[in-house]
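Protein chains: 6
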Amino acid sequence: MNEKILTRGNLGIKRFFNLDTQVYNDGALPGKTKELLGLVASLVLRCDDCVTYHIIQCVEQNVTDPEFFEVLNIGLVVGGSITIPHLRHAVEMLEECRKKAKS
Amino acid sequence: MNEKILTRGNLGIKRFFNLDTQVYNDGALPGKTKELLGLVASLVLRCDDCVTYHIIQCVEQNVTDPEFFEVLNIGLVVGGSITIPHLRHAVEMLEECRKKAKS
Amino acid sequence: MNEKILTRGNLGIKRFFNLDTQVYNDGALPGKTKELLGLVASLVLRCDDCVTYHIIQCVEQNVTDPEFFEVLNIGLVVGGSITIPHLRHAVEMLEECRKKAKS
Amino acid sequence: MNEKILTRGNLGIKRFFNLDTQVYNDGALPGKTKELLGLVASLVLRCDDCVTYHIIQCVEQNVTDPEFFEVLNIGLVVGGSITIPHLRHAVEMLEECRKKAKS
Amino acid sequence: MNEKILTRGNLGIKRFFNLDTQVYNDGALPGKTKELLGLVASLVLRCDDCVTYHIIQCVEQNVTDPEFFEVLNIGLVVGGSITIPHLRHAVEMLEECRKKAKS
Amino acid sequence: MNEKILTRGNLGIKRFFNLDTQVYNDGALPGKTKELLGLVASLVLRCDDCVTYHIIQCVEQNVTDPEFFEVLNIGLVVGGSITIPHLRHAVEMLEECRKKAKS
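Chains as they are written, first to last, in numbering that gives the first Met the number 0: chain D, 0 to 102; chain G, 0 to 102; chain R, 0 to 102; chain L, 0 to 102; chain F, 0 to 102; chain A, 0 to 102.
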C-alpha cells in the first residue's frame, strides 16, 4: 500500500515518507534508541500499526525483553490505562516476533 | 503544588505519583534513555510542562545538543507540525538550562 | 492476555494494573458512578476496548438505558462527531449485554 | 467572549452551545453526576478552561473533597501522567473556590 | 446502526446528529470545500470511519485525485507519521470509490 | 524562535519545516482552501498557536466572516465542546486582524 501511495501521491507526501525513514537512522543516538523512541511515541499516541512497525524494528536491533517492558511501562504511565489495549497488542507482536526468530 | 496534591490527595493518587517517579530510574535501560523516552512522549502528546520536566532531567543526564535535536526531530515527524509550538518551547528550555549551567 | 502481561511484565506494570482495578471500587463515590466516569472518559478518548469494559461493568451496576444514553450524550457533546463510531460501538455492546441478561 | 460568539456566530454554532448547556441538566442522572462526568472528560482531554468550568459547577453541586479526589484519581489513571499539570490546575481551582465560599 | 441510535437515543443525541448533517451543507462555503474540511479533520484525528464517510461525500462532490492528495498531504504534515495508517485507509477507500464509479 | 530552530536544528527538522511551508501553496486546490484546511485541523487538534497562524493567513487570503464561522462550526461539531476555548481564541484573533486591517 505504501508503494501505491508513493506512486500516486504527490511530491510532498513522498518527501514526508523519506523524512520518516531517515529519522530512525544511526546518528548522535544509535538506531536502537531511536526505535525505542518511535515505539513509546506510537504507544502513547495509541497507533497499533505504528507499534507493530517499531516492535519489528526493535527486535532487529536486539532489544531484550526487560528493555521492551521498561519502554512499555513508561508508555503506560505517561499515557494511562487508555493505552492498555495497545500494550496488549505490543506484547502479542513481540511474542510473534520471538516465535519467528526461533523457528 | 505536587506536595499539596500528595498531602490532600487520596492513596491512589499518591501511588500513581510513586510509579511515575520510579519508571525513569536506571534498570535494563539506563536512566538517560528513559528520560529521552519521557521527552519524546511529552512532545508528541504536546504537554509543555512535561517537556520542561524531561529537558531538565535530560540535561542532568548529560544529553548533548545533537542528541536532543534527534529526539525532537523524531517527535516532530511522528506528531506532525502541530508539535512545532512545543518544539519551540523545548528549544527555549534547553537554552535556559545551558545558560544556567555556564553561569 | 492481561495475565500474560502480569506474568511477564515488570513490577511497575503490575502496580499500574492494581491501581487501575482499585480506582473503580466503592469509596466516597459509589462504584456505579465511577464506572460511568470510566465510560465517559473511554468514549471521549475513543477507545473501543475500554468502552466495552465499562459498559459491562455498568450493566452489572444496574445502569438503566436512559442513564446510559445521558452519559453517551455528554461524551458526544464533549468529544464531538469524531466519537460517533465509538458511540455506535457502545450501543451495540449495550444491546448485546441486555440480550445476554434476558437469555 | 461566549456572548460575542453567540452574537456573531452562525446558527449551527448557537445550536451547539445550547446542546452543551442542556446536556448537564438534571435528568435520569442528577446534575451533580453529570458535572463529575464533564470534569473527568475535561481532565483526560487535558483542557484547563473546561476543568475550571466543571470545578465551579461541581462546587455549586456540593461535591465534597474526597469525591473530587476520586474523580481526579480516575482521570489520572485513565489519562496517565500527562494529565498531571491539569490535575494541579484542578486542585488550584478547587482551593480557590473553597476560599471564596469561606469569605 | 445510526437509525437505532436515533430511535433509542435521547433528544440531545438526535439534535447533535442533526447539527452534524447540516454543517456540511452549501453555505458561504460550497459543500465540496466543507467535505474537504471534514476529511482533513477526520485524518488528523485519526478516525477511519469518519475518513471513509468524507471520502464518499468528496467523490460525490467531484473531488479530483490531485485535490485529494493535496488534502491528505496537509493532514499528513499537520498530524505527522502517526496518520500514515489512516492515509493508507483513505487511499484504499478512494480506489474503491473510483472502481465502483467505473463499473 | 523558528530561526533559532532552523540555525541549530538538524537537517531533518529543516526539511520538515520546508514541507510545512510548501504544503499550503496554490496547487490543484487554491491556497485559500488550504489555509482553511490548516485552520480546521488546528482547531480540532486544539493548538492555539497554529490557529493564530492560519487565521492570519486566511485573512490575507480574503476569507470572509461567514466563511470563517462555517469553518469554526465544522471544527466545533467534529471536535466537540472541548474545542470551545480554542474557538474563542480564534474569534479573538480574527477580531484583532480585522481591527489592524482598518487602522
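Rather than coming from a laboratory, the hints here were simulated on the basis of the structure.
Be aware that one or more of the hints could be misleading.
One copy or two, either will do: identical chains are not told apart, so a pair holds if it fits within one copy or between any two.
Said to hold, decoys possible - Cut-off 27 Å, straight-line C-alpha distance, at most; resulting in silico cross-link-like pairs (DSSO-like, lysine-lysine): (1) LYS31 x LYS98; (2) LYS31 x LYS13; (3) LYS98 x LYS3; (4) LYS99 x LYS31; (5) LYS98 x LYS13; (6) LYS101 x LYS3.
Outcome of the hint check:
1. LYS31 x LYS98: within (21 Å within a copy, 31 Å between copies)
2. LYS31 x LYS13: Both ways: LYS31 and LYS13 sit 25 Å apart in one copy and 23 Å across, limit 27 Å.
3. LYS98 x LYS3: between (31 Å within a copy, 15 Å between copies)
4. LYS99 x LYS31: Intra 20 Å, inter 31 Å, cutoff 27 Å: intra-copy only.
5. LYS98 x LYS13: Classified as between: cross-chain Cα gap 24 Å, same-chain 34 Å, threshold 27 Å.
6. LYS101 x LYS3: between (33 Å within a copy, 19 Å between copies)
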